[in-house]
Structure formats: C-alpha cells, structure tokens
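Peer 1: So the protein lines, in turn, are chains A and B. With this note's numbering applied, the first sequence has no gaps in its numbers, which climb one by one up to 227 at the end. With this note's numbering applied, the second sequence has no gaps in its numbers, which climb one by one up to 491 at the end.
Because the hints were derived from the structure by calculation, they are not lab data. No residue lacks a Cβ here, since even glycine has one placed at the ideal position from N, Cα and C. It is possible that part of the hints are untrue.
Covered stretches of chain A, as calculated for chain B (at least 3 residues, CB under 8 Å) [said to hold, decoys possible]:
| # | stretch |
| --- | --- |
| 1 | 23 to 36 |
| 2 | 61 to 67 |
| 3 | 83 to 93 |
| 4 | 102 to 114 |
| 5 | 149 to 156 |
| 6 | 188 to 201 |
Given next are the chains, with one letter for each unit.
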Amino acid sequence: MNSLRTFVLWLAITFALPWLILVVIPAFKSVSLGSVKYDTVVDDIEVTKIYPESSVFTNGENIYRAEGCANCHTQVIRPIYAGLDTNRGNWGRTDGGFARPSRARDYLGEDYAQIGYRRVGPDLSSVGYRITDAQTHHQHLYDPRSVAAYSTMPSFRHLYERREIQGRPSLNAVHVEDGFEVVPTDKAKALVQYLLSLKKDSDAPTKASKAVEATEEAPAAPAATDA
Amino acid sequence: MNAETTAEAQVTEVPVELQSLRAGVDQSARVPVLYFLTTASAWLVVAAILGFIASVKSYYPDFLGLDSLYFLHYGRVQPAFVNAFVYGWGFQAGVGVMIWIMARLCRAEVASSKIMLFAGLLWNIGVTLGVFSILWGGNTSVEMLEFPKWVWPILFVAYLFMTAWVVILFKARQAKNIYISVWYFLGACFWFPWIYGTANLLIHHFDASGTMSAAIDGWYISNLMLLFFVPVGLGTSYYLIPKVLGRPIHSYQLALIGFWMLAALSGWTGVQKLMGGPVPPWMSAIGSAAAILMLIPVGVVALNHHLTTRGDHRRVISKSPTMRFTIFGAMSYTFMSVILAAMSTFFVSRYSQFTHADSGFQMLLLYAFFTMSMFGAYYFIMPRVSGCEWPSGRMISLHFWCSTYGLTALVLCLFCAGLSQGFSVQNPENWANDFYGPVVKSGAWLRGTSIAWGFLTFANIVFFIHVVLMALRLGRKSADGPTMFPAGGSH
C-alpha cells in the first residue's frame, strides 16, 4: 500500500459508512421527534392527552449542567435485560412501585439528555415524584450531610447567600443563626424548579396513535414559581 | 553512536549519509517537538493534581472546602481533570511524538516550525480557556466535550495546522516503502477532525433530539479513543519496538490487517455506553458487536509485537526505559480490549454501567496504554532533539515504578469501586433503601484511587522536571550511550 490517494479513499469509505448510518442520518431523523397522542382505547386515556405530559425547567437544567450533576446522578431507568433499575422501589412514580424503562420522548424538550455518567447518588429521572417540596431540596443542596450523614455530595452553598435578617427570617431560609440567614439565590431556585420538574415516569403510550407536531402541542414547560 | 543504535549496527553499518540525514531531521524538528512535549508534560502535572483533588472529593467532599474554593467540587473538577488530561496532555504529547516519528520515517525535514508553534500556542490557549471555563461554570456536561461551545473551533483550527504538517511530511517523503506507523499517524490525522467536527456540530449546534445527542457523545468518546489515541499509541510502539531491538517487525501483513480492521470496526463503536438506555437498541447492539470484534485486530497487534520481541524480552526490558514503558503500554492495550469486550456485554454492563468502572476503562486506555507508550517515546525522542542524554537514571526509574504502581492501583481501584457500586445497586436487599450501599461500599476503593493519584502526581512532577532539564539542554553529554535504568536489580 503505497498511495496516499488509495489510502484516504479506503479510510473515507470505511469510516463514512458508520458515520452516515450510525450518526448523521439518525441525527437528522431525530429532529422530528415530537410528542405523540395516546391511544384512547388501548391506553385507557382521554383523547386530548399527549405524551410526554410535561418537560423539564430549562433554566434549572442549565444550572444542573454547569454544576456537573450528571457526574454523580443519572436520569435513566434501564429495562430488565440491562439491569434491575426498574425494581428499585423509589426510582419511579410510586413509592415502592416499579419504574418503567426510559424512552427517548421522556427527554423531549431537553437540548442534551442528562442521562448521566455514573451513579454515585440515586437516579433522578423521577425525583419530582419523590420530593415535592422545594425546601427539602434547598436543605439538601445547601448541606447534604444534614439530610444523609453518609452522603458524599458536595455542598452547593455557593448557590446560596448569607445575609442579615431584616425583621423576621425569610420563609425559604435554609439556615438561620445570629441574626443572619441563608437564602437561595435565583440559581438555586432555578435548579430546584428543575428538580421538581423531573417526572419522567409518566405512562408511556402502548401505541402512538398520531404523532403530534411539536409546534402545535409541545409538552407544557412548568411555569417558574418563586420557590 | 549510542547503544540503542549499536544493535542496528551489528546488522548493518549505519552510513554516514544516513546519520547526517537523521541529524538534519532532528535539528529541523527540534523546536516544535520540544514545545509540544514540554507543554504536554506540564499539562500532565496539572491534570494529575486535578485528578488527585477529584479523587479525594469523591469520598471527602469537604476537602479544600473553603467557600472561595467552591469551584473545586467533584462535578466541576472531575471533568476539568479529564479534559486537561485528554486535550492538554494527550493531544500535545501525541502530536509532538507524531511529528518527530513522521519526520524520521519520511526522512524529511520539518519546515516552517513557526506555524506549528502558532498552532501549539492556539491549542494551549483553547485548552486553558476550556479548563478554566469548566471550573468557573461553563461545563456543558457532555462527556469529553465539556468545554463551552465556543472553544472547539479554536482547537479544531489549531489541530488542522498541527497535523497539516504530518501530511506535508508524508508528501515530502524520500522513502519508497511506507511503514505501518505512517499509516496509523495519517489515519489519526484524518479521523480526528472528522469525529470532532461531527460531534461538536451535531451536539452543540444542531437540533438533534436530547437522546440522539447523548448517543453521538457516546460515539465520539469511543472514536476519540480508538481512532486517535490508539493509532498514535500503536504507531509509536510499532516504530519504537523494532527500532530499539534492532530487528524488523515480524509481519507487515499482520500489521496492515490490524490497521484496516481497526479502521473498519471503530466507527461503529460507542453507543453501547448507553446500552439499555433511551437510544435505538440496534445502535448499542452494533457498538457492542464491533467492540467485541475488536479483540481480533488487538490480538493481531499483540501477536505481532510478541513475535517481534521473542527471545529478547529480558535483556531489553531490564535496561531500556523506552522499551519498558512501551511494553507496559502494549500489554495494557491488549488488556484494555478484553475489558472493552466484557463491558460491552449485558452480563458485565448491568454491574459496570454508570459506575466508576467506566472511568477505570478510560484510564486503562488513555493512561496505561497511551500515556505509558508516550513516555516510552519521550525517553527515545528527547535525547535526539535536545542533543544530550537524560541526566538521571534514578529519576527515570522513579518515574517508571511510581507510574506502574500508581496506574495498577488506579485502574484496579476504579474497577472495584465501580463493580461494588453496581452490585449494590442491583442487590434486591437494597431496593427499598436509600443510596447508602453504593456510597459506603465503594468508599474504600475510592480512597485507594487517591493513594494511586498521589503516586502518579509525584511521578509526573519528577517527569516534568526531567523533561524541562532536557528541553533546556541541561542533560548529560554522553560518551557512553543513552541513560538506562540504574544497574543492580530491577529497581
């Protein structure tokens, strides 16, 4: 083999094949991934409901990405042939019940699915069902070891500000001492909004009766509230 | 003529014209090669320190827990470490070594080192900005692509400049026959921009769905490792092993088969990282199949190296730093492939997926194989570009043993930490519990990784000092051959 031209040609052919088939063509096809309607009969659901019902809070997702939460937390439930995630009693919608395996549409509305690198902490795909109260999240983010002594989660106290108490302590203060209180900044509030919006264990349609245009009925993004 | 080439001289006398040609090539390559190799070794120290901090943070998060050091938490410092290691150390060491070996193999002088220096500077600027951005909150949480999306064009342009010269050297070649290392290096130069550009464009700048972007990231990670770091490492060991031994590789045909099988299979791998996840199952199935088939080209390379070195193992490994590091790297490569095949099966991945075992595999490939092979190349190349021998056989020995112990401990502890996490998560007794099991069970192994990183950081600081001494031409002026391991025992 002595010719650069032949070499580059064969290199290009052997690589272009998987590049097109595995990467480029599926990427282009995935652009049209959108919500779907349930089948009213088979899924026993009202006709107006679409799947997925809601998507995540994007501002908070950006904080989640910037802080590298995916390094320790996954957001994926694997099917039985790949692992026993479905059986962990508290990773799904109901406490003690099964979690269904994750599907691509669960991540609709996310620019990059935060599937996660590794599980140093629990899976978060349905943490919005497990923890419904913002203060619990704030307490955990501010001081993880006050919630679980064995936890190796870092303290995200840089997302909280310490200030003098004006009159009475704020309702959302995570810590109060000596005339000072610690309250969440906007970043912490956004992150917690995102965590509360993580509800990926909705019923998946058995049969997609009709693909709904994403522009028509996009999954409802949760409204920002002051949490 | 030094001892490493006297082996050649026993076969044929090295003609004076060849000696002066080599001297000319070495002289022309001096500035860019020294630049890349020295900055790379600096980045290695930075990466090792970040790696050490990350490893401690994984079980003791309040380490360096000052409010002002908030950016050192695991979620930021771990990706900072990986990116500093891959892009700061890995690429620059690889490019420095590639330029020199290509120049020698093509018997062509390196022209216009200014452009390469500019490219190297641009690359360093990009990586520095990227690593700082990760620590200061610009982390994209896309594995191996955590730099903010404005960084990759800088690196892309710098890379094109750096490797344009590899191609130009090839075009200027004097040799008629082309050696296997040349194909591996040319391959790496062509593949990487293709892979890097595709992944960055589709993930950061295109409207692909969230899960498809994650699949593309899995593809990128695997191809970065298999189609850049592996070819550079293999090309280097295919050059160094015959060179130091003074005999040709056993079979050029086998080497070509290994190359083309790698080329044909690697592009299909990667998505099996997400097997069972929300990606089309055929993608991870193909990835797993290709990863398992990779055992064949890897076996071919191992066979080739073994047959080339047969009969000479003890003599060469006991004395030559280049050979010891290179052989360690080559054996790690074979082991890596076995682990890759195993982790691509559901049997193993149900316990290893989404655990520290994945980091263990990356360290096995990027450190135990690639980095150790690069160390072997450093010990061979630097005397030839700086005109003096390594000052201290002791420092080389320290570097080798601390790296060996550190790496073995690191990879072992990461795999054990990962499997202990995996088994704990899958254990039905733990299903109703909090996530106590995996955290506590992996704790001992994670502490082991910190000890390992201590050894590795020390080894890399020693190495960096040694490299700087050589770059400043403060090495030994040799009359008695290259610096070998200190005599008397294996230490």
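Peer 1: So, for every hint listed, does it hold in this structure?
Peer 2: Do the hints match the structure? See the list:
1. Interface restraint, the stretch 23 to 36 of chain A with chain B: holds (8 residues with C-beta to C-beta distance below 8 Å; minimum three).
2. Counting residues of the stretch 61 to 67 of chain A whose beta carbon lies closer than 8 Å to any beta carbon of chain B gives 4, which meets the minimum of three for the stated coverage.
3. A stretch counts as covered by a chain when three or more of its residues have a beta carbon under 8 Å from one of that chain; for the stretch 83 to 93 of chain A and chain B the count is 7, and the coverage holds.
4. Three residues within the 8 Å Cβ limit are the bar, and the stretch 102 to 114 of chain A against chain B gives 12, so the coverage statement holds.
5. Coverage of the stretch 149 to 156 of chain A by chain B holds [criterion: at least 3 residues with CB-CB distance below 8 Å; count 7].
6. Taking a C-beta to C-beta cut-off of 8 Å, the stretch 188 to 201 of chain A contributes 0 residues in contact with chain B, too few for the three needed, and the coverage statement is violated.
Comparing the model with each numbered hint stated earlier shows that hint 6 is the single one that does not hold.
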